[in-house]
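Colleague: Let the sequences and hints guide you as you build the complete structure.
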Amino acid sequence: MIDALLHYRFLQNALFACILASIVCGIIGVIIVEKKLVMMSGGIAHTSYGGVGLGYLMGFTPIIGAFIFSVCAALGIGYIKRKGGNRSDLIIALFWSLGMALGILFIAMMPGYPPDMGSYLFGSILSVTKSDLSLMICLTVIVTLVVFIFYQNWKAYLFDDEFASIIGMKTAVMEYALLVLTAMTVVVLIKVVGIILVLALLAAPAAAAAALTSNLKNRIIYSIIFGTVFCFAGLWISYELNIASGAAIVTLSVACCMILYTAKAICEKIKKRMITAGKLS
Amino acid sequence: MTQNAVHIDNLTVYYGKTPALTNVCLDVEDGEYLGIIGPNGGGKSSLLKAILGLVPADSGVVEVYGQKAGKNKPAIGYVPQFALMDRHFPISMLEVVLTGLMKPGFSPLFRFTQKDNNRAHELLERVGIGALAKRQISELSGGEFQKMLIARALAVSPRLLLLDEPTASVDAVSRVSIYQLLEELSRDMTIVLVTHDLLAISSQVKRLACLNGKLIYHGKPELTESIVNTLYGCPVDLIAHGVPHRVLREHEEEESQ
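Protein chains in written order, with our numbering: chain A, 1 to 281; chain B, 1001 to 1257.
Since the hints were made in silico from the structure, they are not lab data.
Treat the hints loosely; a few may be bogus.
[To be verified] Dumping the calculated DSS-like pairs for lysine-lysine here, alpha-carbon to alpha-carbon at most 27 Å: (1) K1068(B) with K36(A); (2) K217(A) with K1134(B); (3) K1134(B) with K36(A); (4) K1068(B) with K264(A); (5) K1134(B) with K83(A); (6) K217(A) with K1103(B); (7) K264(A) with K35(A).
Modeller: Rendered as structure tokens:
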């Protein structure tokens, strides 16, 4: 694969996309896992399918459509949640299925043969183009800067938004900003693992990092490292075995995550047993 | 004339269609140590949140030191019910207290100074858990967690301290030390304490308010049978302590022993 990597442009693009995806996943994944917004980000991701369909129908780049739809979904879900109380699961479900339905409708309305939607649903990292990459770079830089520059604000907001608002932080702005950042992350990830598999890449590296450290900053760094390893390894497996890259990456991430948690549970059990044995003797 | 710390006039707060508070009028003087009791769902937490400006008043006025609620935020320290908090968040005790020292609005590229760190350590010492500063909050006991929240509330240098059930699910030793701390703090600031704890009512607070949707009683911390009956619908809890209207005196005697 190393040899091929030096020769083929598409493999270089794929690797670069992996790194970008891992960075945004690491940052936003940890945040949404802590804020319990994983399902919300699933809703945002699936709504973006409507944008992909609209892009095909109107003849503009589908990923731009996905971007517009996911940002609108983020703002919409956030607004209704703020006004309508705590039935956010309901709103997420509605947006989730509405987005998918609109995507199917738009594709059906297209004249001629329908395009292959598989690459948006399940990702096709080997077909990442240069323009895809520039969009991904822009979004990654925005997400990273916003989180890095206001890191202390984010930390205070994530731990206790009520208190943050009492000491005068603009928590409503932060809530919307977080949702929009999530939407941007989703767009970065669509090319890598696809709309349907986005959730795994957001949750798995963050969950793996959570097993290892209880410091927020380290958790983000570990999560980025885990994401990179999962993506590279998944890409390599898919290349060698000639299977779908998105599926390989997600299967590997979730499997690693489970192994890590099992190992941690066993370690803790052994430690506990040693402590009680030590006390008894 | 002493200034009012909190001035509430005819406050009504609705959650959806259910009224949480109706026509509450309450003045808290500067330097007062007020206890608020009442049954679950009686609007105690809502009252605190109205003072903080977190829930909007449907009608009526809430003023804190002469300004509309929510306007002069840094003057109020708030200790929330810790049962409602995420205790597995990856953050250390020191970092939690430091959040109380942050400025309003957005602080780009904000870094805490050595002075901030010293102040946070000082506050943790003040509440008696200075040695645990580096510890993750997931490793704290209920009492330690609660003291940390008090330290965070004090970090904003408040004139008014609001506490929501500070001794619920806290061990007995911590409970005593929390009340001792509040007693000391009450000399420097106004304290409003929501509680179920009748020990606090009888031995601690200087004024008492009883809340069950409406303000039923506000005055000296002496509970009569009729107040308790209106408040809870039946003479509960106090019976266990003996004769209801003598609760206060008995505890005072215990204190002086």
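Colleague: Given the hint that K1068(B) pairs with K36(A), test it: the Cα-Cα distance must not exceed 27 Å.
Modeller: This hinted pair is violated, its Cα atoms lying about 33 Å apart.
Colleague: Mind checking the alpha carbons of K1134(B) and K83(A) for me, to see if they're no more than 27 Å apart?
Modeller: Judged against 27 Å, a Cα distance of about 39 Å means the pair is violated.
Colleague: Has the given pair, K264(A) with K35(A), been kept, meaning a C-alpha gap of at most 27 Å?
Modeller: holds, 23 Å
Colleague: Going straight from one Cα to the other, do K1068(B) and K264(A) come out at no more than 27 Å?
Modeller: Violated, because 52 Å separates the two Cα atoms, which is more than 27 Å.
Colleague: Would you mind confirming whether the straight-line C-alpha gap from K217(A) to K1134(B) stays at or under 27 Å?
Modeller: With a Cα-Cα distance of about 15 Å, the restraint between K217(A) and K1134(B) holds, given a limit of 27 Å.
Colleague: Is the straight-line distance between the alpha-carbon of K1134(B) and that of K36(A) 27 Å or less?
Modeller: holds, 25 Å
Colleague: Between the alpha carbons of K217(A) and K1103(B), is the straight-line distance 27 Å or under?
Modeller: holds, 21 Å
Of the numbered hints given earlier, the model fails hints 1, 4, 5; all others are met.
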